[in-house]
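J.: Take a look at the letters that make up each chain.
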Amino acid sequence: MSGRTIKIAVLAVTTALIAAACTGSSTNENGGNGTGGNPVSDTFTYSVNSEVMIGWDPSTDYSNEVIAMQNMYESLTRYNSDTQEVEPLLATKWTSNADGTEWTFTLRDGVTFHTGRPMDSTAVKEAIQRTIDMGQAASYIWGAVKSIETPDPLTVVFKLSYPSPIDLVASGDYSSYIFDTQAAGSQDLGKWFAEGHDAGTGPYTVDQFAPGQEVELRLKSYPGYWGGWDGAHYQNLVFRVTPEATTAAQLLRAGEVTMVQRMTPQLWSSFANQDGFTTTTAPSWQTLFALMNTASGPLANKNVRLAVANGVDYQGILSALHGAGDPLSGVVPPGLWGHSDDLPNYTYDPEKAKSLLQGEGYGPGGQPLQLELTYLNGDADEELVATLMKSDLADLNIQLDVRGLQWQAQWSQGKSSDPSKRQDIFIFYWWPDYPDPVSWFYNLFRTEAKPFFNLSYFSNPSLDTEIDQTASLAATDRAAAAQNYHDMQVTLLQDGVAIPVYTQVYQRAMLSSVSGFQDNPAYPSVVFAYDLTPEA
Amino acid sequence: MSRYILRRTALAVLVVAGVVVLTFVIARVVPGDPASTWAGPHASAAQIEQARHDLGLDRPLVLQIGSYFVGIVSGDWGVSLRTHRPVLDDLGHVAPASIELVVAALLIALAVGVPLGLVSARWRGRAPDWVVRVIAIFGVSMPSFWLALILQLVFFQRLHLLPVAGQYDPNLDYTHPLTQYTHMPVIDSLITGNWVVLRSALAHLVLPALVIAAYPLGVVTRMVRAAVLDTVGEDHVRMVRALGFPERSVFGRFALRLAWNPVLAVVALVFAYSLANAFLVEAIFNWPGLGSYAASAIAALDTPSIVGVTLFVAVVYVVSNLVVDFAQAAIDPRIRLR
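Quick mapping for you: the protein sequence lines, in order, are chains H and L. Counted the way the numbering used here counts, the first sequence spans residues 1 to 536. Counted the way the numbering used here counts, the second sequence spans residues 1001 to 1338.
Just so you know, not all the hints are guaranteed correct.
Stated by the list, open to error - With a straight-line Cα cutoff of 16 Å, these simulated EDC-like cross-link-like pairs (lysine to aspartate or glutamate) come out:
1) Lys-415/H to Glu-448/H
2) Lys-390/H to Asp-313/H
3) Lys-390/H to Glu-372/H
4) Lys-220/H to Asp-1173/L
5) Lys-159/H to Glu-102/H
6) Lys-415/H to Asp-1325/L
7) Lys-220/H to Asp-207/H
8) Lys-415/H to Asp-1173/L
9) Lys-302/H to Asp-495/H
Treat the hints as calculated values from the structure; they're not laboratory data.
When you get a sec, could you build the whole thing from the sequences and use the hints?
T.: Now the structure itself:
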């Protein structure tokens, strides 16, 4: 080819490309006029920040895939954060014996897996047993289960080695799925799942899976769903990966996606009160804590801890978050049983903080206090909290050395076997694996010989006993357990063990054609598409 | 010639090996624990230890690098900590998207840059030359993320002419499903005659391709200008002039023909550069390519993926360098002797 021919070819191709592009856009880009019409209205397109299907195995999944899995799989029960009660799902009713060590579930009749197999007590037993045996993800939630019995096809009996609230456990967002363990036939089930198959009972089943692609996963309705498909329902659920918040906002504006998982507060508020769009907010169970080193360093002194807790301007932090955080009363977030609003929460009281510090020889005019705080590098919200704490505490003659680290580095330092290497304040999020406040108490505040998540290094033997007792009490008398959690939160706050900084708020923006959406913090960022009604 | 090829290839393999060792060591030295990334957020200590053993992270670093090299050759590039899939499979999905984007960008750069360079050379020192040189500098120095946002704002939000992000309209998967062969929608839709998807794919390609084209466009323009000016002074071109050919032919036919070789060499090198330069642009346009993949991998400290992407880009760099070297050596025997 001569130079001239090459030139002509290149020009021709490029001209064709641009010409085709411009004509193409007018025919297939429905919307783009800001009113948000979705061309396929029975399809719900969920714009998510990062890849969805990290794994496919309902026994081992412990990540982002929950937002898809909860639409393909179901558990025996589901937690309702409005009523703070557990509701029937695959089980229609359940009872426990007086000491909470034996639970009998009655299963829903006429339910089939996507494989066609009927969902009966044997199937339930096999599924849960596989999850327990594999011992991954949040399978520890079934730790109390000694044996599972199946007296008849619609009855499952859990025999426990100690009291445990199995109705709550069964509603967990991970490790509680019921699935067909025979789905793969003679093949290896784990491998079969990993190829992008599902074997649940949920309203949707896999249509297309394109790993690494922008439209990563498409689910379609399962015609045999026990709830039926009468009335208006979304028939398809599509997951579109859009890491850039500005791009996601543009796609929503054009009506190319139905809802955006997460934007910046500024972008989100640009959709508020706009025709064609609906915005919602809801407090999550993602709670941010500043854990104080109660074992070594200056914060081993309770008065110094309380001074720090009273020296932070919480309102200032919340307003800097522009609505992405809500105040957190105690350690249990709203929507979870055991939450209480009447707790001696910390408030910004610099005078009290000063007098507490001066009593210990620190504070303005006293000896300067040096503290080290670690947070997750790259988390803008944690960084903001760290920065504001630093400037608030500087007024109290406290020099806060703020260090942003990768999670593993931050955690390794926190777990360090040498107490002198540990930080003074550890900032991080905590959330539960099933709807039970015990998650916070057992993991964060119960004595640990070797630190794992109790990075306050807090040890109070009588609190330990109370945590263990309350965990059992939750199985038999939830009201009494809630009262115990209330009292334990008072103890923790009075001891200055940790600062509950705030709880994250979900800010969602969606097309106004969606009706019935509500966040359920027990299932973070999950859209239960079947429960929504599409409008023409 | 064959000795030359052998020597250059051996050197290239050495360079790639060096890159792998460096990336591997750096990825292991930075604080962080791949095993705990793999096991999940609330994993127990026992689960993390199990993951460490399963991933082979409890073995000495030298052994890990050694088995990684064996893996590279046998097609096992490790398993991504984030997606839990083989890195090579992941790359097989994301690399074509980047290649499609960069090839489109280079075509635009050539189609616009070559004529601009010619204009610039022909009217050297006069107004058209100045305008073109400003455009070229603009192209080379413009931050790509800024250009990307401006183009989105103008062509999507204001004019509603072009789509904002993605490879093609995903709703078409229901009405006009596309069979994937190459994972490049433009090529796949051409092969299968899926014109609706082709139109959509081209529309989605324009803005990101334009942004990535900015840099090579500047380079090509300046290269063509310099090369043409070089050749117009040579005897045979003066001969063409003396024979009375019009000025348009002197530049467009005779001078340009000689200028092609250095320009194509530059394009080959810019190809590898643009692949890496596309990282930011891909993120903004939600283009499911290497850049988006690398960005997520880095955020998650997903070392096998990070090393995999680095290895891939290094190979592309080295191979395109080799191709240029060999092509030039074939043309010009003096190079072989160096």
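J.: All hints are to be evaluated individually against the structure, with a verdict given for each.
T.: So, going through the hints one by one against the coordinates:
1. Lys-415/H to Glu-448/H: Holds, at roughly 11 Å.
2. Lys-390/H to Asp-313/H: With a Cα-Cα distance of about 11 Å, the restraint between Lys-390/H and Asp-313/H holds, given a limit of 16 Å.
3. Lys-390/H to Glu-372/H: 10 Å, holds
4. Lys-220/H to Asp-1173/L: Holds, at roughly 13 Å.
5. Lys-159/H to Glu-102/H: 5 Å, holds
6. Lys-415/H to Asp-1325/L: Given pair Lys-415/H, Asp-1325/L is violated - Cα atoms ~54 Å apart, limit 16 Å.
7. Lys-220/H to Asp-207/H: Between Lys-220/H and Asp-207/H the Cα gap is close to 6 Å, so the pair holds against 16 Å.
8. Lys-415/H to Asp-1173/L: 49 Å, violated
9. Lys-302/H to Asp-495/H: Between Lys-302/H and Asp-495/H the Cα gap is close to 6 Å, so the pair holds against 16 Å.
This entry does not satisfy hints 6, 8, going by the numbered hints stated previously.
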